[in-house]
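Visitor: Next come the chains, spelled out residue by residue.
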Amino acid sequence: DQQVKQNSPSLSVQEGRISILNCDYTNSMFDYFLWYKKYPAEGPTFLISISSIKDKNEDGRFTVFLNKSAKHLSLHIVPSQPGDSAVYFCAAAQGTYKYIFGTGTRLKVLA
Amino acid sequence: NAGVTQTPKFQVLKTGQSMTLQCAQDMNHNSMYWYRQDPGMGLRLIYYSASEGTTDKGEVPNGYNVSRLNKREFSLRLESAAPSQTSVYFCASILNSNQPQHFGDGTRLSIL
Numbered sequence: 001d002q003q004v005k006q007n008s009p010s011l012s013v014q015e016g017r018i019s020i021l022n023c024d025y026t027n028s029m030f031d032y033f034l035w036y037k038k039y040p041a042e043g044p045t046f047l048i049s050i051s052s053i054k055d056k057n058e059d060g061r062f063t064v065f066l067n068k069s070a071k072h073l074s075l076h077i078v079p080s081q082p083g084d085s086a087v088y089f090c091a092a093a094q095g096t097y098k099y100i101f102g103t104g105t106r107l108k109v110l111a
Numbered sequence: 001n002a003g004v005t006q007t008p009k010f011q012v013l014k015t016g017q018s019m020t021l022q023c024a025q026d027m028n029h030n031s032m033y034w035y036r037q038d039p040g041m042g043l044r045l046i047y048y049s050a051s052e053g054t055t056d057k058g059e060v061p062n063g064y065n066v067s068r069l070n071k072r073e074f075s076l077r078l079e080s081a082a083p084s085q086t087s088v089y090f091c092a093s094i095l096n097s098n099q100p101q102h103f104g105d106g107t108r109l110s111i112l
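Residue numbers (this note's numbering), protein chains in the order written: chain A, 1 to 111; chain B, 1 to 112.
Rather than coming from a laboratory, the hints here were simulated on the basis of the structure.
There may be inaccurate statements among the hints.
Chain B residues, not near chain A, derived (Cβ > 10 Å throughout) [said to hold, decoys possible]:
no.	residue
1	11
2	43
3	44
4	62
5	86
6	92
7	101
8	102
9	105
Some chain B residues close to chain A (C-beta under 10 Å, calculated; not the full set) [unchecked claim]:
no.	residue
10	24
11	28
12	97
Derived list of chain A stretches under chain B, where covered just means 3 residues or more per stretch with a C-beta under 8 Å from a C-beta of chain B [claimed, not checked]:
no.	region
13	16-24
14	51-60
15	97-104
Cβ atoms here follow ideal geometry from the backbone N, Cα and C, with glycine treated the same way.
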């Protein structure tokens, strides 16, 4: 049973536009959420996180939104750049050391 | 600053062979993890070690064993490799809970 789901396997966006990546989860006990970016042949790198006590967190071009009632997480990238082309994973944890990842969304930013 | 180092980077095994994947971190982190990444499946947790001396099963532990050798090192062992274990394996570590994980660059394992 997939507790963290990314229903869009891929997304293409024009350079300069907004990229919106989505993530849904089923476990209401999750209290910490993260987004990672992954380039080919490299390990995932941390991008941004949010605690369940917040509904928004910003870091430069990246903003994560959390809707606890809908059990939904989204990552906004504004403006999108060609270097943002990568696979993006969302992950969730429940106050323990167990982190569960989604299946990933491949973002392609077109120049 | 090396971060999380995984060895080897690539390996080809025959069905039934055994293999140990090594992972070491130099960040004085308390917790360490092993994941596998398969197409369309994302990153799935195999085992994790919340602290030195403890290990726990993740989502897909069958066919694997782990050893937290010391605070720095966490190894993953395949006792009798099967083609279904062909994957890219990632090791990760964190200092404390509810903090971002740091990942190694992965081990690509093919089992024929």
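Visitor: Which earlier hints turn out false for this structure, listed by number in ascending order?
Guide: Of the numbered hints, 2, 3, 6, 7, 8, 9, 10, 11, 13, 14 do not hold.
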